[in-house]
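Q: These protein sequence lines map, in sequence, to chains B and E. Sequential numbering of the first sequence, starting at 1, is according to UniProt numbering. Sequential numbering of the second sequence, starting at 1, is according to UniProt numbering.
Simulated from the structure, these hints should not be mistaken for lab results. As the structure is a computational prediction, the values presented were derived from the model and not from experiment. Careful: at least some of the hints might be erroneous.
Heads up, the list lumps identical chains together, so a pair's fine if it works in one copy or across two of them.
Said to hold, decoys possible - Result set (DSS-like, lysine-lysine): computed pairs, CA atoms no more than 30 Å apart in a straight line:
id: 1; residue 1: K525; residue 2: K141
id: 2; residue 1: K631; residue 2: K641
id: 3; residue 1: K361; residue 2: K218
id: 4; residue 1: K245; residue 2: K315
id: 5; residue 1: K245; residue 2: K318
id: 6; residue 1: K448; residue 2: K118
id: 7; residue 1: K295; residue 2: K361
id: 8; residue 1: K245; residue 2: K361
id: 9; residue 1: K510; residue 2: K637
id: 10; residue 1: K315; residue 2: K141
id: 11; residue 1: K361; residue 2: K163
id: 12; residue 1: K361; residue 2: K141
id: 13; residue 1: K245; residue 2: K558
2 protein chains.
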Amino acid sequence: MKNVYLSLLAFLIFGFISAQQAPVDYVNPFIGTSNYGATNPGAIAPRGMASVSPFNVAGRIDLNPLEKDSQWLSNPYVYENKFLTGFSHVNMSGVGCPDLGVIITMPTTGELETDHLKYGSTYSEETAKAGYYSANLDKYKVRAEATASTRVGVSRYSFPAGKSNILLNLGLGLTNEQGAMVHVVSPTEIEGMRTVGSFCYNNAEAAYPVYFVANFSKPADEFGIWKTPYNYEGEEAQWMTYNGKTRIKEGFTREVMGDSIGAYMTYDFNEPQEVEVKIGISYVSLENARENLDKEVGDLSFEEVYEQTKEAWNKKLKVVEVEGVSEDDKTIFYTALYHTQIHPNILNDFNGEYPEIATGKTGKTEGTRYTTFSLWDTYRNYHQLMSLLYPQEQLEMVKSMLAMYDENGWLPKWELNSTETFTMVGDPAAVVISDTYLRGLTDFDVEKAYKAMLKSALDTVSNPLRPGLKQYVDNGYVGVDSGVPGPVSTTLEYNIADYAIAQLAKSLGKEKDYKTFSDRAFSYKKLYNSETGFLQPKYSSGKWYQPFDPLAGANFEKNVGYIEGNAWQYLFMVPHDIKGLMKIMGGAESFENKLDKVFEAGHYDMANEPDILYPYLYNYIEGSEYKTSAKVTELIKKYYKNSPAGLPGNDDTGTMSAWLVYSMMGFYPVTPAEPIYTFTKPAFEQIKINLNDQYYDNESIIINYRSSEETSNSDKSPAFLLKDFFINHNDFLNSKKINLITVDN
Amino acid sequence: MKNVYLSLLAFLIFGFISAQQAPVDYVNPFIGTSNYGATNPGAIAPRGMASVSPFNVAGRIDLNPLEKDSQWLSNPYVYENKFLTGFSHVNMSGVGCPDLGVIITMPTTGELETDHLKYGSTYSEETAKAGYYSANLDKYKVRAEATASTRVGVSRYSFPAGKSNILLNLGLGLTNEQGAMVHVVSPTEIEGMRTVGSFCYNNAEAAYPVYFVANFSKPADEFGIWKTPYNYEGEEAQWMTYNGKTRIKEGFTREVMGDSIGAYMTYDFNEPQEVEVKIGISYVSLENARENLDKEVGDLSFEEVYEQTKEAWNKKLKVVEVEGVSEDDKTIFYTALYHTQIHPNILNDFNGEYPEIATGKTGKTEGTRYTTFSLWDTYRNYHQLMSLLYPQEQLEMVKSMLAMYDENGWLPKWELNSTETFTMVGDPAAVVISDTYLRGLTDFDVEKAYKAMLKSALDTVSNPLRPGLKQYVDNGYVGVDSGVPGPVSTTLEYNIADYAIAQLAKSLGKEKDYKTFSDRAFSYKKLYNSETGFLQPKYSSGKWYQPFDPLAGANFEKNVGYIEGNAWQYLFMVPHDIKGLMKIMGGAESFENKLDKVFEAGHYDMANEPDILYPYLYNYIEGSEYKTSAKVTELIKKYYKNSPAGLPGNDDTGTMSAWLVYSMMGFYPVTPAEPIYTFTKPAFEQIKINLNDQYYDNESIIINYRSSEETSNSDKSPAFLLKDFFINHNDFLNSKKINLITVDN
């Protein structure tokens with residue numbers, strides 16, 4: 001009776017709260033802001049180009065233990081840090097390299113101070129919700145609030161009476177690029193541009209400007225520019241009394257260019273006052289930034305923008321409705337879903353214009369041009385989730401990738417704001433596009449896509465996407481003597497991409513290609529050393545690389561064979577040939593023992609992509625399927641929490657969150673480009689997936705979950721799970737109701 | 001007979017050449033490019049905003065002994081230097097502080113090299129004419145030619161076959177300001193802006209952009225941007241393989257901002273080819289720079305622009321026609337006249353727009369907005385010469401000064417591109433405006449001008465033009481304890497300004513002001529120490545400053561009493577009270593002895609303004625007038641030559657040249673705001689001044705000169721000179737013919 005009682009109580013509490021709380025209310029943007037999750041609690045609209053993030057990673061290492069210049073730090077905000085130097089208006093979420101984090105505003109009071117080390121402040125009473133952030137700046141007794149529409153960051157600063165300032169710092173930034181222009185247009189408007197780029201310290205030549213127009217709700221009593229020149233060291237310095245010193249250019253209304261510049265608006269308030277600052281962003285031009293600002297926000301108040309953005313978030317999040325769990329579980333679930341809706345983000349302006357990739361031209365789209373494709377991460381589960389929950393967006397993403405091919409001659413690898421950053425390895429765009437098509441989202445030019453895939457799969461001469469391709473084609477693997485970093489990882493990635501191409505070829509009736517790429521897709525076996533039982537680095541001559549240490553490469557240490565992982569973390573990264581891998585390992589038992597050992601010996605890394613499919617592999621071992629549910633449940637409990645450290649590590653533009661969303665819903669797409677789900681124990685009693693009726697006939701899928709004990713007592717409805725632990729994507733899509741029952745092992 | 005014969009021969013040669021040569025052909029722009037004359041041989045139209053100067057002052061001190069960063073150097077070109085790093089498109093002439101010297105183009109061949117220390121070249125076969133410059137760049141076998149219209153620099157580069165480049169370097173510059181933006185608009189157009197300012201290391205806060213649009217006659221085969229970032233010294237540097245290295249951004253078409261950036265156009269020529277580069281300049285906006293380029297030059301060829309500019313120069317120079325001297329004398333004369341037509345220069349765009357001073361607004365003029373007012377220099381003789389030869393321009397200059405008063409609340413002191421640089425001392429605008437009015441050019445708002453003068457003459461509280469004014473008003477002089485540099489110089493300057501105001505007051509019937517300012521104008525006497533016979537620095541208490549060294553301050557050394565001079569060089573700088581000075585010195589004999597000593601002992605400095613009136617002071621000593629002609633003739637011969645070192649020193653925006661033009665014509669305006677000329681022996685047999693018939697009734701004034709010997713033998717026409725050595729300005733203007741005869745002493 002105790003159980004029933006508790007259960008009833010939980011239900012009552014849940015019912016009471018849910019009557020008031022919509023999915024959007026369960027978002028906790030602080031999740032992932034510690035433990036290198038690299039998310040930020042800033043205000044952002046779904047897939048927004050602009051966002052307003054607190055910026056607390058610069059200087060004062062005594063207050064900011066994770067300081068941007070003292071280590072590799074990829075986020076504008078860290079939960080543990082305490083010293084805030086403003087609010088950045090273009091930001092990335094869950095990425096592993098620093099970029100953006102610029103166009104930084106800061107409200108201050110008293111005399112003008114433009115050095116962030118001096119004007120920075122601790123803060124308190126932080127609040128973050130979907131589309132909203134606020135904090136009190138202790139030093140100034142200023143309440144700073146932020147919201148955002150897609151292309152406009154909106155802030156509201158509540159100042160006390162007296163002299164107040166709003167700084168717009170264009171020197172400070174998370175990016176390591178420098179260079180800006182700023183121009184005070186009027187006492188209510190500032191325009192400018194700021195250089196960003198060299199993401200992951202790659203392709204610095206492609207560094208590019210982001211444009212902005214900032215509108216202030218109250219005309220400044222005084223305004224100006226500051227510029228800190230570099231210290232001049234020539235003979236002339238003896239006459240330059242201003243050498244290296246910050247200059248204040250009061251009332252200056254021409255353009256100012258430089259590496260360390262900013263603008264300020266100053267007010268003298270008789271009584272406490274609010275000032276709203278709206279900053280429109282564009283990657284095309286100042287004109288477009290201004291149009292984005294005017295058309296998207298215009299005269300809307302802070303509250304009105306927030307209400308619109310909150311509603312947009314709720315609409316996004318309510319595609320999945322969950323019931324019957326704790327508040328924390330709902331929070332980590334909806335926050336994960338929220339985190340999947342930040343990147344890829346919108347690149348095109350309100351008028352459809354966007355910078356083309358590599359051409360230098362301005363393109364124009366009728367739909368949406370997406371950017372920030374961290375495809376090495378996202379091909380594994382993220383785009384599968386988008387195909388299910390947001391099919392229109394997933395199609396627009398595929399179309400964006402194809403537009404890049406049109407513009408650039410190549411599909412993207414790790415694209416950011418129309419620059420190819422060449423980050424990570426493999427050829428993931430082929431996987432994503434094939435998977436999308438094979439899941440039934442076919443409304444794109446698949447022949448062009450296929451042609452694009454073949455280009456990167458076959459060009460062995462001048463191929464920016466697949467270095468080492470000739471060795472791979474000739475030998476079946478990339479050798480350690482190829483000059484390509486992580487040859488084992490690269491070989492596995494090429495296998496996965498080739499498998500995806502093969503599946504698409506088959507679907508398109510291209511039998512010969514299907515054969516060719518199917519053959520190529522299993523060449524990973526050549527790297528399997530049956531003596532050690534690992535996939536190991538090998539010379540192109542066929543000789544194994546020595547010494548071999550299966551632990552080398554953990555924790556992102558550089559090593560000879562693997563990218564961001566070690567031999568344990570890559571051993572099972574063969575999602576397209578799990579049975580084949582099992583076979584060369586000597587059968588299911590050997591496979592299972594090894595898989596057990598990964599977890600038992602602590603080799604499993606929940607924080608990176610190569611092994612995130614591992615817990616689902618138990619479903620491929622007859623009789624041990626229960627371990628999948630057990631392991632997934634354990635991993636969720638261990639790594640995902642309703643707290644800043646509530647992500648296992650870098651969110652990887654939503655890939656870790658997508659893993660969680662799938663896992664909590666009770667199913668997972670193990671094999672890219674193979675539209676099959678495998679089941680696990682869901683985290684909720686009921687999950688309702690509301691399908692997009694423009695793409696799917698079935699209105700919704702309801703997944704019910706009961707433990708076998710409960711079921712045997714009360715519910716005799718048929719259970720699906722136990723039949724074979726897998727379901728075809730189409731069958732899944734067409735199911736009205738799926739009842740999952742946990743069985744005891 | 002020998003004399004007659006020689007004389008005849010000279011006449012024949014002269015006549016023969018003059019049939020072919022117009023005044024414009026006598027301009028040698030190399031005069032003043034050595035000996036710190038600070039002129040440049042670049043191509044410029046009369047009073048042009050744009051010019052194209054060879055730039056040879058950067059780096060390679062082995063080839064460039066006068067290197068810009070190794071000393072105080074104020075010019076983009078030095079004749080002795082050998083290492084050319086391009087052609088700068090905004091330049092100053094004859095100023096004492098570095099500024100501008102930016103927007104530097106450079107033609108090169110072979111592989112792209114963007115480091116000026118590496119791409120620079122020696123050059124040969126230099127040619128310079130009014131509106132034209134050319135040289136061969138030895139390293140590249142490229143002929144570079146330049147011409148200019150008012151707001152557009154036009155270059156023609158003759159390339160050999162093969163790979164060629166045109167660099168547009170926005171990092172390099174004579175100014176010590178940094179910061180630029182550049183944007184390749186198309187394969188034939190680049191636009192951008194470049195920060196300039198902090199002239200004389202003053203008012204660095206006001207540094208401002210100059211805008212440009214560059215058009216290329218042939219589309220580039222390839223183009224791009226380079227950027228050299230500063231060396232990053234943080235922890236991140238370990239990952240930044242590009243740290244501090246120049247990046248080439250091939251085909252980049254977005255804006256790039258930074259301190260060290262540039263753009264390039266690259267060609268691959270099958271055969272030798274010419275490329276014309278036209279660069280429109282504006283101080284208002286990119287749009288105006290483009291309009292200036294289009295409307296002023298458009299499709300005109302290099303030759304057509306040069307022909308127009310040459311004709312404009314000839315029209316300017318032929319206001320004076322001289323006869324009967326050597327070619328060299330004609331060259332130094334017309335080059336001097338040419339040098340008076342560079343500054344003040346035109347600031348307004350083709351559409352009349354210009355940046356207002358201090359307001360940050362864009363103004364619009366129906367006439368011409370002039371800039372570069374080095375008034376401490378030019379009030380002494382330059383504007384007097386302009387009133388005589390170019391009355392319309394002089395009136396527009398006065399109107400420009402009054403517009404500055406409207407905009408800024410103050411008349412200019414040393415204005416440059418609508419920034420007040422606060423260079424030098426005194427209150428010279430009042431002198432210039434009064435002088436102009438009193439010479440009969442009254443078509444301006446004299447009441448406003450008078451009000452403006454009174455403001456700077458009377459405001460003892462917050463007065464940027466006249467520091468130390470309260471002490472001056474209270475005590476009659478600025479004390480050494482005032483904190484004002486050069487208190488003796490400052491007192492003398494205020495006296496001169498007050499005298500000018502008094503004269504204008506009298507002319508306007510303001511008797512009371514006339515009395516007040518007349519009283520103030522002679523207070524210099526309080527600084528006359530009858531024991532030493534010098535005007536000396538004094539404490540406000542009345543005590544003399546000790547130690548006193550009349551030589552301290554020569555050669556621009558810093559000293560307690562004087563600005564750019566010593567006690568000898570300021571002793572006679574009382575142009576408005578020469579008789580009064582004579583009296584306190586104990587009479588004419590004592591005055592003359594002292595004046596003699598200045599010259600005999602080598603205290604005279606022909607290279608700076610305070611003592612440039614000295615040789616004319618002999619005309620004030622009865623019986624010693626002959627010394628004026630002798631001394632002036634000697635000084636001309638000694639300091640002015642048809643050679644790069646042919647100016648005594650810095651041209652001071654044409655003041656030294658104006659001294660020469662007057663002196664060679666045989667008369668000089670000793671006392672500012674007192675419209676009287678004093679005579680000297682002219683350098684020509686005949687001078688014809690063609691007066692502007694819109695302002696003057698008399699069509700022309702002919703000055704004939706013969707020595708007394710010649711006259712007594714052959715010419716009995718009445719001689720004017722001997723009557724009293726002075727002539728009223730109006731009488732002068734109305735003279736049809738003035739015959740000057742040298743008398744033997």
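Q: Does each hint hold? Answer for all of them.
A: Comparing the hints with the structure gives:
Taking identical chains as interchangeable, the C-alpha atoms of K525 and K141 are never at most 30 Å apart, the minima being 64 Å within one chain and 62 Å between chains. Within a single copy, K631 and K641 get their C-alpha atoms as close as 16 Å, which meets the 30 Å cut-off; across copies the closest is 96 Å, which misses it. For the homomeric pair K361 and K218, the shortest alpha-carbon distance between copies (21 Å) is at most 30 Å, but the shortest distance inside one copy (37 Å) is not. Taking the shortest Cα distances, K245 and K315 never come within 30 Å of each other, neither inside one copy (51 Å) nor across copies (48 Å).
Taking identical chains as interchangeable, the C-alpha atoms of K245 and K318 are never at most 30 Å apart, the minima being 53 Å within one chain and 50 Å between chains. Proximity of K448 and K118 under a CA criterion of 30 Å is satisfied in neither setting, with 55 Å inside one chain copy and 47 Å between copies. For the identical chains of this complex, K295 and K361 are neighbours both inside a copy (23 Å) and across copies (28 Å), given an alpha-carbon limit of 30 Å. In the homo-oligomer, the alpha carbons of K245 and K361 lie at most 30 Å apart only across protomers (27 Å), although the nearest pairing inside one protomer, at 39 Å, exceeds that limit.
In this assembly of identical chains, the alpha carbons of K510 and K637 never lie at most 30 Å apart, being 45 Å within a copy and 95 Å across copies at closest. For the identical chains of this complex, K315 and K141 are neighbours neither inside a copy (35 Å) nor across copies (69 Å), given an alpha-carbon limit of 30 Å. Proximity of K361 and K163 under a CA criterion of 30 Å is satisfied inter-copy only: 26 Å between copies versus 45 Å inside one chain copy. For the homomeric pair K361 and K141, neither the shortest alpha-carbon distance inside one copy (46 Å) nor that between copies (36 Å) is at most 30 Å.
Taking CA atoms no more than 30 Å apart as the test, K245 paired with K558 passes between copies only; the shortest distance there is 25 Å, against 42 Å inside one copy.
Comparing the model with each numbered hint stated earlier shows that hints 1, 4, 5, 6, 9, 10 and 12 do not hold.
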